[in-house]
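Engineer: If you're matching them up, the sequences are chains A and B in order.
Quick note on numbering that gives the first Met the number 0: the first sequence kicks off at 0 and runs consecutively.
Quick note on numbering that gives the first Met the number 0: the second sequence kicks off at 0 and runs consecutively.
FYI, nobody ran anything at the bench for these hints, they're computed from the structure.
Any given hint could turn out to be false.
[What the hints assert, rightly or not] If we take Cβ atoms under 7 angstroms as the criterion, some of the chain A residues that face chain B in the derived model are:
id: 1; residue: 12
id: 2; residue: 13
id: 3; residue: 16
id: 4; residue: 32
id: 5; residue: 33
id: 6; residue: 83
id: 7; residue: 85
id: 8; residue: 127
id: 9; residue: 135
id: 10; residue: 162
id: 11; residue: 208
id: 12; residue: 224
id: 13; residue: 231
id: 14; residue: 234
Backbone N, C-alpha and C define an ideal beta-carbon position, used for all residues, glycine too.
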Amino acid sequence: MKILVCISNVPDTTSKINFTADNKEFDKNGVQFVINPWDEYALTRAIELKEAKGGTVTVLNVGEADAEPNIRKALAIGADDAIRVNAKPTDAFFVAQQIAAVAKENSYDMILMGKESIDFNGSQVHGMVGELLGIPSVVPAFKLDMVDDSTARLEREIEGGKEVVEVKLPFVASAQQPMSEPRIPNMRGIMTARTKPLAVKEPVGAEAKAEYVNFSKPEKKSGVKMIDPENAGELITLLRNEAKVL
Amino acid sequence: MSVLVFVEGLNGEIKKSSLEAASYGSQVAQQLGTTATAVAIGEVHEEALAKLGEQGIGKVLYDADERLKQFVADAYVKVIAKAAQQESAKVLVFSNSNIGAAVGSKLAVRLNGSLATNVTSLPKTDGGSFTVTRGVFSGKAFADVALTSDVKIIAVKKNTYEAAHNAGSTATIEKLSADLTDADFAAAPKETVMQETDGGVLLPEAEIVVSGGRGLKGPENWHLVEDLAKALGAATACSKPVSDMDWRPHHEHVGQTGITVSPNLYIAIGISGAIQHLAGVNSSKVIVVINKDPEAPFFKAADYGIVGDAFEIVPKLIEAAKALDK
Numbered sequence: 000m001k002i003l004v005c006i007s008n009v010p011d012t013t014s015k016i017n018f019t020a021d022n023k024e025f026d027k028n029g030v031q032f033v034i035n036p037w038d039e040y041a042l043t044r045a046i047e048l049k050e051a052k053g054g055t056v057t058v059l060n061v062g063e064a065d066a067e068p069n070i071r072k073a074l075a076i077g078a079d080d081a082i083r084v085n086a087k088p089t090d091a092f093f094v095a096q097q098i099a100a101v102a103k104e105n106s107y108d109m110i111l112m113g114k115e116s117i118d119f120n121g122s123q124v125h126g127m128v129g130e131l132l133g134i135p136s137v138v139p140a141f142k143l144d145m146v147d148d149s150t151a152r153l154e155r156e157i158e159g160g161k162e163v164v165e166v167k168l169p170f171v172a173s174a175q176q177p178m179s180e181p182r183i184p185n186m187r188g189i190m191t192a193r194t195k196p197l198a199v200k201e202p203v204g205a206e207a208k209a210e211y212v213n214f215s216k217p218e219k220k221s222g223v224k225m226i227d228p229e230n231a232g233e234l235i236t237l238l239r240n241e242a243k244v245l
Numbered sequence: 000m001s002v003l004v005f006v007e008g009l010n011g012e013i014k015k016s017s018l019e020a021a022s023y024g025s026q027v028a029q030q031l032g033t034t035a036t037a038v039a040i041g042e043v044h045e046e047a048l049a050k051l052g053e054q055g056i057g058k059v060l061y062d063a064d065e066r067l068k069q070f071v072a073d074a075y076v077k078v079i080a081k082a083a084q085q086e087s088a089k090v091l092v093f094s095n096s097n098i099g100a101a102v103g104s105k106l107a108v109r110l111n112g113s114l115a116t117n118v119t120s121l122p123k124t125d126g127g128s129f130t131v132t133r134g135v136f137s138g139k140a141f142a143d144v145a146l147t148s149d150v151k152i153i154a155v156k157k158n159t160y161e162a163a164h165n166a167g168s169t170a171t172i173e174k175l176s177a178d179l180t181d182a183d184f185a186a187a188p189k190e191t192v193m194q195e196t197d198g199g200v201l202l203p204e205a206e207i208v209v210s211g212g213r214g215l216k217g218p219e220n221w222h223l224v225e226d227l228a229k230a231l232g233a234a235t236a237c238s239k240p241v242s243d244m245d246w247r248p249h250h251e252h253v254g255q256t257g258i259t260v261s262p263n264l265y266i267a268i269g270i271s272g273a274i275q276h277l278a279g280v281n282s283s284k285v286i287v288v289i290n291k292d293p294e295a296p297f298f299k300a301a302d303y304g305i306v307g308d309a310f311e312i313v314p315k316l317i318e319a320a321k322a323l324d325k
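Given the sequences, and given the hints that come with them, work out the whole structure.
Structural biologist: Structure follows, in structure tokens:
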């Protein structure tokens, strides 16, 4: 089974978010980057399936050279090889077209990624890839197992419940917890990752359809009003009469 | 040219988040000098469809194919694309739900359109541009995004745009058939399991959320969260460590890698307020924090705070909430 896992290189979850002086771009200064946490669920599940059933796991990143440490981390966790499409990801449509182009060349059985990235929170790329390739996309899935060699069984979240879906290969799925328990690379993995293939490809021509023109941060809260714990019930009165949310 | 709103049903009624999307779509239609039509799929009562007039919808296209009672992305996309073509829709509006995101991304490809999810503002349409604001960096920032394609698709963030209620206005209902084939149902669900919810309030739709953290010491104490939620008509939620320890199910985990919520009121009990948790809740209108540690970082993001033992404070809140004249 050939599995493609798409990963994004995103600011660490503890990062303070800042923008350049003209508010046009994210300010990377002093920010640690990690594999998008939701992509890690997809990556670990892919490796678990490979360990159980055989096959290969290829990691794909659409991004610039500074993403390579995290691509190597994915290899250290257990992916077999990696592809970096050498381009600054502009919008979801651009990224989806790059992924679809790689998928068309290599015919994967399964394309996995996180349900969204923690930076742009688009939840778009998986559906676009499925549509571009003409294969089903099951999103957001929190469980993924194989029924037999040609059919997967997924559980996906819907508002208010879950759905169990059985789908023939190939398909696209997005991952959320608790699909797997993300792994920390061990020393052996880190050493072998250095020798695993990381191919760099140039992007296919694709136009972006959404242009980010300005970033801003939410207004700061005016401050907390503390309530005496002895008169905790007063909070309910304030929420009704002052904040008007009850 | 019109604005097309996709509305989702639940138990025969239109979801609150879809009513918000319908109002948003009507407002966009007014801005553009056109009309708003809704497309509904699956099992929704006709009375509920007609009442979309209250949100400014003039006409509802409805595909009642039995097979659409369950969500199947490919089939839904085909129906919405047919409606969009029939109405010559240039702007499509959805709720930013799991279903909205799934169909929106596919439709963007099929209709060659631009898509913005998590949208928190009406579009700015000065000088021929079409720019919306959307939440990014897990609620830590906003981005203004110009949608450059002829067709624009917008998924509106829940609880950020209030549903209008022009009492008495009704929408006309027209049947729609998208000639669905078995192939459109290739990824149809085998089984749908709905969650049991206390008081029937779903977390992603909730206006009030009561959330618990490790400070509650164990799952056996969760009745405090549940009783307060019940008294306030709220949904329950939890922090990541709580779901990781299996005290509560994962679908209740609120935060950067869980569910992002933006209710009118978020009450955090025994949650210290790690930056990842804040990212999932900081667009809530009012935040209340109850924690025995006065240095808990969550107090910096709160509107109201109580320093003290949750086991003493929460029963007082339950009592006061029960005493409210509903």
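Engineer: Please write out, lowest number first, the hints stated earlier that are contradicted by the structure.
Structural biologist: 4, 5, 6, 7
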